[in-house]
Structures are given as structure tokens and as C-alpha cells.
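A.B. asks: Make the full structure from the sequences, and use the hints.
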Amino acid sequence: MTEVIPTKQMPPGLQVENVDDRIMTLNVGPQHPGSGHMRIIVKIDGDYIVDADPDPGYVHRGEEKMAESRNYITNIPHLERPVIHDSCNILYPYVLGVEDLVGIEVPERAKYVRVIAAELNRCIYIQYWLAIYGIFLGHSTMFMWPAGDRELFIDLMEKITGARVTHAYFIPGGVRNDIPANFEDVCLRQVNYFEKRIKEYADIFYDNPILKARTEDAGVLSREDAIRLGTTGSVLRASGVDYDVRIKEPYDVYDELDVHTNVLKEGDSYARSKVPWLDMLESCNIIRQALEKMPKSGSIRTKLKPNPKGGIDEVYRRVETGRGAAGCHIISREKPEPYRLKLSVGSFRNLIALPYLLKGEKLGNMPAVYWSLNYWPVEADR
Amino acid sequence: MSTTETKVPPKHTKKETVPEKTEDTTPAFEKSFVDQIVNQFSDDIEIEYIKENRTKLKVKKEKIVDVAKFIKDNTPFDHAESVTGVDFPDDKEIGVTYHLGSYTDPDYSKQVLALATRAPREETPNPGNDSTKLPSLRNMFYSVEFHEREIFEMLGVYFDGHPDNRRLLLPEDWADLPPLRKDFKNKGR
Amino acid sequence: MLKELVTPQNANVFVGKLGDILYKALDQPLGMAINWGRMWSLWPVHIETACCSVEFGAASSPRYDVERFGIIEAFGSLRQCDLVVVQGTITRKMAPRLRLVYDQMPEPKYVIAMGACAITGGLYFDSYNVLPGIDGILPVDVYVPGCPPRPETLIQGCMLLQEKIKRMKAR
Numbered sequence: 001m002t003e004v005i006p007t008k009q010m011p012p013g014l015q016v017e018n019v020d021d022r023i024m025t026l027n028v029g030p031q032h033p034g035s036g037h038m039r040i041i042v043k044i045d046g047d048y049i050v051d052a053d054p055d056p057g058y059v060h061r062g063e064e065k066m067a068e069s070r071n072y073i074t075n076i077p078h079l080e081r082p083v084i085h086d087s088c089n090i091l092y093p094y095v096l097g098v099e100d101l102v103g104i105e106v107p108e109r110a111k112y113v114r115v116i117a118a119e120l121n122r123c124i125y126i127q128y129w130l131a132i133y134g135i136f137l138g139h140s141t142m143f144m145w146p147a148g149d150r151e152l153f154i155d156l157m158e159k160i161t162g163a164r165v166t167h168a169y170f171i172p173g174g175v176r177n178d179i180p181a182n183f184e185d186v187c188l189r190q191v192n193y194f195e196k197r198i199k200e201y202a203d204i205f206y207d208n209p210i211l212k213a214r215t216e217d218a219g220v221l222s223r224e225d226a227i228r229l230g231t232t233g234s235v236l237r238a239s240g241v242d243y244d245v246r247i248k249e250p251y252d253v254y255d256e257l258d259v260h261t262n263v264l265k266e267g268d269s270y271a272r273s274k275v276p277w278l279d280m281l282e283s284c285n286i287i288r289q290a291l292e293k294m295p296k297s298g299s300i301r302t303k304l305k306p307n308p309k310g311g312i313d314e315v316y317r318r319v320e321t322g323r324g325a326a327g328c329h330i331i332s333r334e335k336p337e338p339y340r341l342k343l344s345v346g347s348f349r350n351l352i353a354l355p356y357l358l359k360g361e362k363l364g365n366m367p368a369v370y371w372s373l374n375y376w377p378v379e380a381d382r
Numbered sequence: 001m002s003t004t005e006t007k008v009p010p011k012h013t014k015k016e017t018v019p020e021k022t023e024d025t026t027p028a029f030e031k032s033f034v035d036q037i038v039n040q041f042s043d044d045i046e047i048e049y050i051k052e053n054r055t056k057l058k059v060k061k062e063k064i065v066d067v068a069k070f071i072k073d074n075t076p077f078d079h080a081e082s083v084t085g086v087d088f089p090d091d092k093e094i095g096v097t098y099h100l101g102s103y104t105d106p107d108y109s110k111q112v113l114a115l116a117t118r119a120p121r122e123e124t125p126n127p128g129n130d131s132t133k134l135p136s137l138r139n140m141f142y143s144v145e146f147h148e149r150e151i152f153e154m155l156g157v158y159f160d161g162h163p164d165n166r167r168l169l170l171p172e173d174w175a176d177l178p179p180l181r182k183d184f185k186n187k188g189r
Numbered sequence: 001m002l003k004e005l006v007t008p009q010n011a012n013v014f015v016g017k018l019g020d021i022l023y024k025a026l027d028q029p030l031g032m033a034i035n036w037g038r039m040w041s042l043w044p045v046h047i048e049t050a051c052c053s054v055e056f057g058a059a060s061s062p063r064y065d066v067e068r069f070g071i072i073e074a075f076g077s078l079r080q081c082d083l084v085v086v087q088g089t090i091t092r093k094m095a096p097r098l099r100l101v102y103d104q105m106p107e108p109k110y111v112i113a114m115g116a117c118a119i120t121g122g123l124y125f126d127s128y129n130v131l132p133g134i135d136g137i138l139p140v141d142v143y144v145p146g147c148p149p150r151p152e153t154l155i156q157g158c159m160l161l162q163e164k165i166k167r168m169k170a171r
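Residue numbers (our numbering), protein chains in the order written: chain G, 1 to 382; chain U, 1 to 189; chain P, 1 to 171.
Derived from the structure by calculation, the hints contain no laboratory data. Please note: incorrect hints may appear among the correct ones.
[As the list claims (entries may be wrong)] Result set (DSS-like, lysine-lysine): computed pairs, CA atoms no more than 25 Å apart in a straight line:
1. G:LYS335 <-> U:LYS72
2. U:LYS56 <-> G:LYS248
3. G:LYS309 <-> U:LYS51
4. U:LYS72 <-> G:LYS248
5. G:LYS196 <-> G:LYS159
6. U:LYS61 <-> U:LYS92
7. G:LYS359 <-> G:LYS212
8. U:LYS182 <-> G:LYS335
9. U:LYS92 <-> U:LYS31
10. G:LYS248 <-> U:LYS31
11. G:LYS248 <-> U:LYS92
12. G:LYS335 <-> U:LYS185
13. G:LYS309 <-> U:LYS185
14. G:LYS159 <-> G:LYS265
15. G:LYS309 <-> U:LYS182
[To be verified] Each pair of labels, with its calculated beta carbon distance range:
16. G:LYS296 <-> U:ASN39: 50 to 56 Å
17. U:LYS133 <-> P:LEU160: 52 to 58 Å
18. P:ASP103 <-> G:PRO250: 52 to 58 Å
19. P:ARG68 <-> G:GLU195: 36 to 42 Å
20. P:TYR23 <-> G:ARG197: 33 to 39 Å
21. U:ASP164 <-> G:GLU292: 51 to 57 Å
22. U:ASP160 <-> P:SER77: 53 to 59 Å
23. P:TRP43 <-> G:GLY360: 35 to 41 Å
Just so you know, even glycine gets a beta-carbon here, dropped at the ideal spot from N, CA and C.
C.D. replies: Right, here's the structure in full:
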């Protein structure tokens, strides 16, 4: 049996125990330009990190406990708040699970509209993540360009749902309302412009020698360790494992569309920052295909009876969000409220890679490694 | 745009004791690897359901480590996706369910195997010092480390063998009942 | 004529009166100048508390540019900032840290409560870990409602704060 608990090669000469007071403990705390809504307690010996202890929980609002006292429909605005700009994707496994429990079918046009909304949301999330990554590395143009370009897709979501973020658009049975009449032309025009625009990011960011020097070989995650640590999403695909829930276990109409994954082999922070960018280019293709193949008319919702209940049953559905595979485990007991609702989110699963990767890194590399794990702290705390 | 009213009965069956009612293709594949596990540990394991792509096994808490080791060595399941803790006050037990997935084998990429155990539950919990204990699966599936810590603070289940049973998400000065228990009620509910 | 008016006996009274005249003449324009300087360079502390931080980030984006109002996200230390924008839900774990951040800022300092969760607890009013509003721990100047508030609403909140500063007495 191979060694299960992964250990990392540290640079020689580093001390781990605190002899002669050589080790200093620092709080990279919730108020820090490089930390987001989380604290990382870091022990350093000179310039190298010898131990890192993540301290999440600053945004722990108790979603799972509150879901037990709200029924299946009133839970929808709650369960989309962990990631407000990617709200369609984080709500997707819950909606699919409730449809399985109650036992209703979704019409075809609603499935296509869902896929389009989910891909638009994925691009909105990845753009914000790239913007914050630029800021952590001190590259403020990389904050302005993605933050400005994502407003195009936010406009599209506003045309469909009426809200910029926190759409509450998916409900069990379909979607809440239909897309407007001339949506397809506007959407195609904006997707074409968006695709040309994000290819220009290569000039300022991905081919930038300063950025490459900062992120290449920082926090290398090998293929076996990525599997053993149970990471997911772009962290996994940047280490050479080809796993995407949209292809392996397709839901809605992903089995009728042509989806490709982007797999890189190096496993360092540069690869982890490149995979979501390539995923965005792939999303543009998916949106174009879905707009072509969508049935031109049809109902967008199957009506639910009031107070939907499941039997004595449990269900576990998975979906690929911008951060990784998210799952929703619902246990129902013949009441309008779920008995237990558990969200398994990509950020919490990737958190285990953080103390593992930071050992032996220089303190200056910490923002590059930490944010490249595609970590959204509000989602991990639920 | 008219909305139609359709109600289709659930696609899956409830118990596997009536196998001829299921769909014809997939549960045979699930049944094959489930049988491999059940034949090894005959009376300590109970099959709860076998559905398309989802299977669930119930294991007694003394045997969970051996079952997990067998699954890791002999089947392609190589990581744990999520760990759920549930409070059953009527049975006076707390259940913990591990969902296992596979990244390496393409035939198993849709399968999610759920391993469920139960731990006894006490009326006044004293997390870490009472009888609500379970063995930890961290040495088999390393990815459960932070999930088990979360179940320790939310439900009060102590994991033997986990090196670091302490708080993860709750504030440091939390002195109340573990929040996900059914006795703990939110304000006004 | 001045030599006859200013005698060694009433010289300090004369100087005191001169001080009074100078103070009265310059207080209002100097106060206005100080307030003008303060309201057009509000630097927010870099603390992101919950989900409204997405809309705060979008407010700094090129479309809703809040930098033209002087609100640059200063990435230095918080000893140079004078505005705390409390974005979103404050949990019991975060509350002491927020108070610590507020205490470490130098005077004059202002607080904007952004989002429904910061005003009254919002959608999470009955959760076990959420503070129902930050009124109990910080003195709030402007409340910006919304869940999350649009970036234009946040900019309107900043403009209301600027008008409040204009009316304040410059210490």
C-alpha cells in the first residue's frame, strides 16, 4: 500500500521546533490586503514558512442549520448566498436534488436556459477571481480589465433575471421566467466580443515575465497528491487529472453539447491560474452551441404542488461550479422542510491543500499560492 | 407561454430486495462491486440501497476502519468527497456518512459509494469526553481531515485517531450545545 | 497712533484680541478647507467581511468608478485610512476583530454599514452565529440598504457621507 499521508520536501536547513526563539508566528488575518475573509496563522523561520494553519469561519452563518427550518422553496435565496455572483451554479445541485425527491420532470427548453445561465455565471465568477488574483500580486491592470469585462455578462443576467447578482433564478421544475425576445442576438454579440477580449489577457498577464517568475514553481501539487488530498475543480485539472462533472456525470443537457476540459500537467500556481481562463473560452463555445440547439418555444417550468415534500429518502447530486464539484446531500422525512441538508462545496475540499502547499514556501509567495487554489472563503464557511 | 402540470413517479426504487423492478443496465455494475465488499464482511455490513450511480452501505462502528481499508486497497475508490453528520434523536444515535468517489478509473467516475455508521448519542453532550466516539478514517482517506473536524464541533462526535480534534468554523468561545443537534434551536424557531 | 493705543499695560489684551479676530476670520474658511480635504479623499480599510464585498469590488471597476470620488482602496496599513465600509454579515467570530480594526484607525473616522445584514442582520436574523446589525459595536454614519446594494447605491451612500462631513465642525 502506498503512503497515504502526503509529505512535502522542504528546503534544507529549516527548523521546525521553536528552539532559540527562531520561529515567529504571524497572523495573516482577516484585515490584510492579501488574505480575503480568512485568517492563516503562519510560522516562519527567516523568510520560509514552516507551518501554516488556516482559520476559516469568519463568515460562518449557519446555512445548514437554517435550512432545516425553512421549506424547500424558501431555502432558495439562502442557499445561493454562499457565492452570490455564481449563484446559479451553487443552487444547481440543490434544485436537481429536490426534483429527484419530489419526482418531477423539467421541460427541454428550461434545461437549455439553465445551461446558458450556468455558463454565464461561471464566467462572471472566474473574472472576479482573476481580478482579485491580479490585485494580490500587485497588478492593478489585471484588476480593472476583468472587473470591467464581466459587466457585459452581468448585463445579460440582468436582462434575464432582473438582478445583477443573487439571481434566485432556478427553482425545482425549471426556471422562474423566460428569456426576453431578442436575447439571442444580444448574447451572441456580447459573447463574441468577450472571447476576443479575454484572449488579450495573455499579453498583460499570462505572457508577462514578472508574473511568470512569481507563480511558476510556487506551490507544486503532484498528480498523486492531488488525488489523495481530494482536491477538485481547476486545482485538479492543473495537476494532470482529467475530471469534470459536466462530462463524467452529465446533468441537464450537457450530454448533448460538446464540452472539452483543459488539463495542464505542471501543477504549479501558474497552471492553476491558467486553467480557469481556458475554461472561460470553453464556456463561450458552450453558450453558442446551446443558443443554436435550444428549442424555439416551449414551457419553461413544471408547476409544483404547494408545499412540496419528499418521502423517507435521501439524495446526493453533484454539479461542476467555478470552483470545483459541489454536491448537495438532502435527507427528507415527509415534511415540507428537509431533515438535513449538507452542501459539499469545492472551496472547503480544496482547503486541505493550503497547509500542505505552504510548507517550505517563501512568505512572499503566499498570496500567489493561496488564491490560486480557487478558494472563495464565504463559500467554504457556508 | 403555458406551464404544464406533470407528475412523474420517482425514477428509483426504494429497496434492493425487489431487483426485477429496476432499470436493466446499471445496477448490475453497482451490484458487482457491492457484492465484492459484502462477501468479505458478511454480517457486519448491511446494504441500504443500490440505485443508479449511488450505493449506500451501513457498517457498525467497530468495523468501519477495516471496511474502509478493504475498499481503498481493492476497489478504485480513492478519495472521500464529503462527510455528512446527522442527528437522529429518536434512535438515540448520531449518523456519519462518508461519500467516496474515484478519480482514476473511468468506469467508476460516476459512482458515489456512501458508507454510513452510527455512534451512540447522549442527552447532555460533553464533546471529547463522553461515549460519542468514532474511529477516524484519516489514515485511509486523507481528504476527510477538515470534514471530521467540522463534524466534531457541529455535532460533538470525537474521532479516535484524528490528530487534531478542534474547532474549525465556530467562534473560539462557543460554550453552548453543538449547533447541528436537534435540541439546539435557532432563535425564535 | 498705534503707539498711543498699545501701551505696556494692555499689550497682552491686544494680542489676545488679535487672536480672537484671526480665529473668527479664518475659522470658517479654514474649516471648509479641512472638510473639503477630508471628504474628497476617504480611504477605506481593506477589510472584506462577507458577500457584499463583491459589489464593493464592482464599485471600483471601470464602469462604476468610485475612485473619481477619492475613494481609493489603499492597500497600505489601516493606520492611514479613515473609512470603514462594513460589507455584509458580521458573525460573532468577526465582531471583536472589526472593533479592533476600528479602534486602531486614527481620528477622524467614519463608518458606512453596507447591506441589509450589517443594518439589522438581514436574511440571517435567526442564525446562531450572526450579529443583528453592527449598531451595537460601531457608531454608524450612513446606512446603505440592499441585498446586495448596487454599486450606484453605494456611491450615493458615499456622497451622503460627504455631505455629512461638509456639515461637521472641523476639529
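A.B. asks: Hint by hint, which ones does the structure fall short of?
C.D. replies: 1, 9, 11, 14, 19, 20, 22
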